[in-house]
Amino acid sequence: MSVKDASQGPLISAKGLRKEYGAFTAVDGIDFHVNKGESFGFLGPNGAGKSTTMRIIAATLTRTAGEITVLGKDPEKSGPEIRAHLGVVPQQDNLDNSLTVEDNLYVYGRYFGLSKKYIRTKIEELLTFAQLEEKRGVKVEALSGGMKRRLTIARALVSEPEILMLDEPTTGLDPQARHILWDRLFRLKEQGVTLLITTHYMDEAEQLCDRLIVMDKGKIMAEDSPAGLIKKYSTKEVLEVRFGSDRNAQYSDQLRAMCERIEVLPDRVLMYSDDCEELLHQVVLAGLAPTTSLVRRSSLEDVFLRLTGRTLVE
Amino acid sequence: MSVSDAVRIAENLKGRIGEGTYSRRARAILEHRRIAFKQGHWIVVFTGFTEPVLYLFSFGYGVGKLVGKIQVGPNHWVTYAQFIAPALLATSAMNGAIYDSTWNVFFRLKWDGTYKAMLATSLGPLDVALGEIGWALIRGLIYATGFTAIVMPLGIIKGWYGLLAIPAAVIIAFGFASIGMLYTSYAKSFQQMDWVNIVMLPLFLFSGALYPLSIYPAWLRMIIEALPLWHGIQIVRELSLGIIHWSLLGHIAYFFVMIVTGLFFTTRRLRALFMR
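Just so you know, the protein sequences line up as chains A and B, in that order.
Note that this note's numbering gives residue 118 to position 118 of the first sequence, counting from 1, and the numbers run on in steps of one.
Note that this note's numbering gives residue 113 to position 113 of the second sequence, counting from 1, and the numbers run on in steps of one.
To be clear, the hints were calculated from the coordinates, so they are not data collected in a lab.
These figures come from a predicted structure and were not determined experimentally.
Quick reminder that beta carbons are idealized off the backbone N, C-alpha and C, glycines included.
Don't take each hint at face value.
List time: in silico DSS-like cross-link candidates among lysine-lysine, alpha-carbon distance up to 27 Å [what the hints assert, rightly or not]: (1) K14/B with K77/A; (2) K122/A with K14/B; (3) K38/B with K135/A; (4) K217/A with K14/B; (5) K116/B with K117/A.
Sample of chain A residues at the chain B side, in silico, Cβ under 10 Å [said to hold, decoys possible]: (6) I82; (7) Y111; (8) A156; (9) S159; (10) M165.
One chain only, chain B, in its complex shape (with noise of 0.2 Å):
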């Protein structure tokens, strides 16, 4: 009996490290994504990148014109649209990747069953948790760029190392994503899917998106600094503004804490509902 070519796909992965968890087919998850993309998801792009945009120009023209110029480093002022927009850059990659990798998600666990037919191929939990990962990944690019080019002309975000301001926005994606499909993986109702909704606001508001952090008193700027939007704030602001400096090595240390732990547990947790 001749052997199919799934059989044989599947049979040269044999003793390979990481066979049954990861099958080398997280691609096959992006194009699933693509193909639903194109018939009509487009929409949700577009509102995720217009919506830093409204934000720059509200706070940055018309607060700026009230804040004047603000000091982020010796002999270094900035404009207040020039803090404020790598910080909604920041933010908009964070809400792409959690918008995508919680409810999102949720409804393909709980209700459409897609990860329980992907998992009764031949692919493996992790194909699952890194496709889906690296879709709010790619969503992530695409709103960094469009933010980028409309705000690269207008001179709030200069230089070549201002276009660093992507890569760090996709990054920034990568680890909230990771992070999001965990503890979407974990959760079992919506009530607790509505947690994330309920976090997500006052993490932006108050992580020094839109004011720097030394208004606050020592112990408040010392939570702040310990959640991840500060963080990666941070990244974006530093490269976009060209501070260059060793922390940001800090910062993006704590991003791949993120997206190492997120894929860890959402793997380990797929597993356990869907092959256990």
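Okay, chain A solo, but in the shape it has when bound (with noise of 0.2 Å):
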């Protein structure tokens, strides 16, 4: 299948997709599919089998069965050219903690075979893009871990791949570098690369993904925007209610029959409606009075917990 061809159709499509490691299934027979231009995301709890399914898109790990075309080529069978297709941004730092930040791209870029010549322009474009121009001649090792961050996106660019893959990408990061690395991956998405990413954290795929699939031990449980998913398996509004460790299950039928749905977690209870202002009036009203309140907007952490009757990060 040519290039020209491949453009046509999704540039990532999987039937039937599983890996099995002996008597353990990591990924269970999975069905996706995944659009150019598009921001698609794998969110599920660790173990979920979302990095298995990475590695197997990006030809560096076989599945057990089933069909995945990447760019209309089998991982398996047109690796090297696969790869040089994709950016890689791994769940863990893997840069050359002895070099500089600049010599970091200029040995990634080689890998790829490209010229001196080029490599030499982009990393300029590349330290620009990472907010990294003051610390070219830096030694990895003295980076904190967003700027690690950014340089190892900024490394996955120098092939000036179609397909940017991201695995937590910020996972360990205090909110502020979060942010600055979401806002450098809506600027990638607005220049047309595809965007594959991992994540456990709600607000992180609520942000950066037009559409995901939520994974739980192998297999998808649900697929959607997020606001289809949240539209889908949840109410507008959510209301979360404390009576105390041992009063939260002792309420319970109470409260059940108050709302939509609830759920009783060891802390708290959480109570499904589209007017949850209205809902902790009747609660009140019913001399139920928790120590604590609050109203919030949905999330995909209420969807998780609706498909899996478990919380995403525990």
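Mind docking these for me? Both chains are given alone in their own frames, and the hints should help you get the complex.
Right, dumping it as structure tokens:
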């Protein structure tokens, strides 16, 4: 299939994709497709099979069964060509700490066989993009976590990839560093780069993804846009009430009768309704005085809880 | 949509033999090592070739005074320094290669994620193996050249054929680096890596570097003659003393097998670790 043909259909498409490690099934027969220019997310807790799926796409892991094409090619048959199309940002930064910022970009470009002249020009552009111009001569070990992450992303862009794959891009970063990173990723999206993101942060998925699949135990639980998922699997608003740990369960029958659905967590009760201010009023009227209460909008966290009965980050 | 340079380069290799295993860019890894080396690892190379020089002065001149001349062939006697210098060169080639291909590789493999990063690009596992081993080889070349440059003016290694000791040291480094990387790529723990050090010292002390094997009983000689360092020592010693014999080919063949075995299994292991 030529590049032209591949640009018509989906960039990536998987059917019945499976990966087993002995008796353990990491990915349990999943179907999905990713369109060109889309920002596509894999949301799920640790061990859901997100990273495994990413590695199969990136031609660094073989599948046990099923079909997958990346840019119209089979990763197992055209590994180097597919990898030349991809920019990979792994979960753990694997920069060369003994090299400078600039040299890290340079050597990575050389891995793809790019010319020195090309890379030298590209480095200037990437340093600006990653906001690391002033750090160009600094050794990587001296950089902050956020800077390292930005450098890893810049490094993945040296080959001008069509698809950028980010595995847990902001795990371990402080809120400010996360926002800077999200901003950089938005810019890439605007330039037409297809983004593939795994995350267990619902706010990240909501911020970055046009469409996502919710994964748990190797299976796809749901697929839609973040807003679509919330609409389908949750209410507009959520009321969080706390009565103290032993009474949360004790009141659950009474609370359940007042709204569409409740979730009893060890430390709080989540009550789902489209009008939670009114719901809170009812709770108080019934003589159940919560020690704290909070009305908020539904998030992907609630979707996940609904689908799996578990919280995302435990 | 225009195709990026990276894709064009990768597609050029489509359908070639070994595509997916070797992208013909081992030199990119050599370049990486050279840049890292410029940023502060040079001191290791310096100690790498001073070590055999120190041994040579201590044993060659010190112990040599007590030992006198050593017979290496019919009517062929050499000084003790002349006897051990080639062996010290062979040993330093081994040490340098093993150092580069074991501990350094182990860290890149387990901690730094270096190989994972490399194999996420269009490189293949053989590029990585060849590049790393190639670097050990270049260091072997630097050690051997430094050592020879010190020893030749002293008259310990003589004649133009003495210069053949340098390529010989490179073959030795190649062999040991290939096996070293093979072992490291299968090693799981620090403890397993410690075994390398445990094996290296006796290998040096008992492989006929400091005395001829003729003092051993026949059974022990057979064991030593099966080990790689003895073959390495023989290559350098025979070349630098001008003893050119068919057996030289046998020794070289031994290293050829080490190189091929090491490269084959290292490549296979890297694929299994990072691409399966």
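Verification of the hints:
Pair hint K14/B plus K77/A holds up; C-alpha atoms about 10 Å apart against a cutoff of 27 Å. Proposed proximity of K122/A and K14/B is supported: the alpha carbons are some 26 Å apart, at most 27 Å. Of the supplied pair hints, the one linking K38/B and K135/A holds, its CA atoms being roughly 19 Å apart against a limit of 27 Å. Between K217/A and K14/B the CA atoms are separated by roughly 37 Å; this puts the pair beyond 27 Å, and the hint is violated.
Our distance criterion of 27 Å between C-alpha atoms is met by K116/B and K117/A, whose separation comes to about 26 Å. Interface restraint check for I82/A: the shortest CB-CB distance to chain B comes to about 8 Å, inside 10 Å, so the restraint holds. Annotation: Y111/A was flagged as interfacial toward chain B, and the flag holds, the nearest CB pair being 4 Å apart, inside 10 Å. At about 9 Å, the closest approach between the beta carbon of A156/A and any beta carbon in chain B falls short of 10 Å, and the interface hint on this residue holds.
Below 10 Å, beta-carbon pairs count as interface contacts, and S159/A has one with chain B at about 4 Å; its hint therefore holds. Because the beta carbon of M165/A sits about 9 Å from the nearest beta carbon in chain B, less than 10 Å, this interface hint is met.
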